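Asker: Sequence:
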Amino acid sequence: MRKKPIISFIIACFLSILVFNQSASASEQKKVFVAVNDQVITFKTDKPYIYKKVTYAPVQFYTKLGIKISTNKAKHVVYLTKGKKQITLNTKTNTLQTVEGKKRTYSLTSSAKKTVAPFNYVGTYFGYKITHYSKGPIIRAANSSAKLTIAQVYKKYEYTIKPKKPAYITFDDGPNTSVDRILSILDKYKAKATFFMLDNNMKQHTKAVKKMKKDGHGLACHGVTHDKNKFYHSPTSASNEMKTCLATLKKVSGVKSVMIRVPYGSVPYMTKPYRDKMDQNGYKMWDWNIDSLDWKWLNGPKTADYTISQIKDLKRNGVTPLILMHDKPTTADALPKILKFLKDNGYELRPLTNEMKPYNFYHKIKL
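Residues -26 to -1, 1 to 341, numbered by mature numbering (1 follows the signal peptide of the UniProt record, and there is no 0), are exactly what the sequence shown covers, in order.
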């Protein structure tokens, strides 16, 4: 009497193993990028992957190769047709068959239970040249419309294929006499920074501010007086300094920024009434998670080594660097070594923007 449950259990296990083997296990899939001629294709949900050395793509993707897709759900088949050529995918038997009668076995269902087809076989069958590029990895289907080599396609889409980790360098108290040198170094390393500037300094260095805008750096304000007693006299005095500074920034550069950094950072002076006043004006207050201590060391090599050691600490904890520096000659001395370290370790130096949620000591978000 007890044999039936045992037999039923064995059959259930067998069927579950069979289903598992017929679809590509998510843990065994490897990420791959697919290109058609000179364009890397973006997939929002179901994405191409490599499984047992075969690249698979969702069947709907193949419309980009001019292939018509049709299905017969009752028979568990999908037809890929272009002109007189046709491939039939049978997801029940995991077989691919051409109209000429050639038959192959593939895993035609992804781990997400979506129908997929082997990229290399389908592309070649319908007249495309298939090439692989291991750096991506990229697999491309190309015809006479292709103008770029696959290496050039990779270069064109490098940041999409292998997005770099962001890092943010910020400069306070400028623009000063070192600003031209700092901008030149940033340009050499193709790095973007954010400048939290003082009102009068912007008026004295209008060319530098305009160059920052032209070069794609972030433009922001640090106030007018940088005097603790004057700035923090009241929430209104603090807010008014930023209002004046941002108006000057707009006048000089044409940039309407809402990014601010208060003198000495938001702790301990920016109590709730001060923060509320800034919020009422729509200002976004930024602090930092790395203080380079360039203002203390006044020594380029020491500043560089100290900053790099902090970047390493954050990296171990998966934290994005947001570095505080100042517009000083010794900071310019330190900058090349810091930028080289960041670049060599896969970071992309980006500017802060109005659209970003601000990181500050009261709101330590993940950047």
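Treat each hint with caution, since some may be false.
[To be verified] As a list, the in silico SDA-like pairs of lysine to any residue whose alpha-carbon atoms are at most 20 Å apart:
| # | residue 1 | residue 2 |
| --- | --- | --- |
| 1 | Lys217 | Asp189 |
| 2 | Lys5 | Tyr80 |
| 3 | Lys5 | Lys88 |
| 4 | Lys270 | Thr304 |
| 5 | Lys129 | Gly320 |
| 6 | Lys103 | Asp161 |
| 7 | Lys311 | Lys338 |
| 8 | Lys4 | Lys56 |
| 9 | Lys166 | Gly75 |
| 10 | Lys21 | Thr134 |
| 11 | Lys138 | Ile104 |
| 12 | Lys136 | Gln254 |
| 13 | Lys217 | Ser44 |
| 14 | Lys338 | Val232 |
| 15 | Lys230 | Val241 |
| 16 | Lys317 | Asp161 |
| 17 | Lys138 | Lys289 |
| 18 | Lys202 | Lys217 |
| 19 | Lys181 | Ala221 |
| 20 | Lys317 | Lys338 |
| 21 | Lys166 | Ser227 |
| 22 | Lys317 | Asp253 |
| 23 | Lys276 | Asn291 |
| 24 | Lys47 | Lys18 |
| 25 | Lys230 | Gly256 |
| 26 | Lys202 | Asp250 |
| 27 | Lys77 | His106 |
| 28 | Lys286 | Asp265 |
| 29 | Lys18 | Lys77 |
| 30 | Lys162 | Lys202 |
| 31 | Lys59 | Ile104 |
| 32 | Lys4 | Asp20 |
| 33 | Lys311 | Lys331 |
| 34 | Lys181 | Asn150 |
| 35 | Lys88 | Gln3 |
| 36 | Lys164 | Asp20 |
| 37 | Lys130 | Phe100 |
| 38 | Lys338 | Asp287 |
The hints are simulated quantities; they were obtained by calculation from the structure and are not laboratory data.
Bear in mind that the values here come from a model prediction, so they are computed numbers and not experimental data.
Asker: Are there hints from earlier that the structure breaks, and if so, what are their numbers?
Answerer: Structure breaks hints 1, 6, 7, 8, 9, 11, 12, 13, 15, 20, 22, 23, 24, 27, 29, 30, 33, 36, 37.
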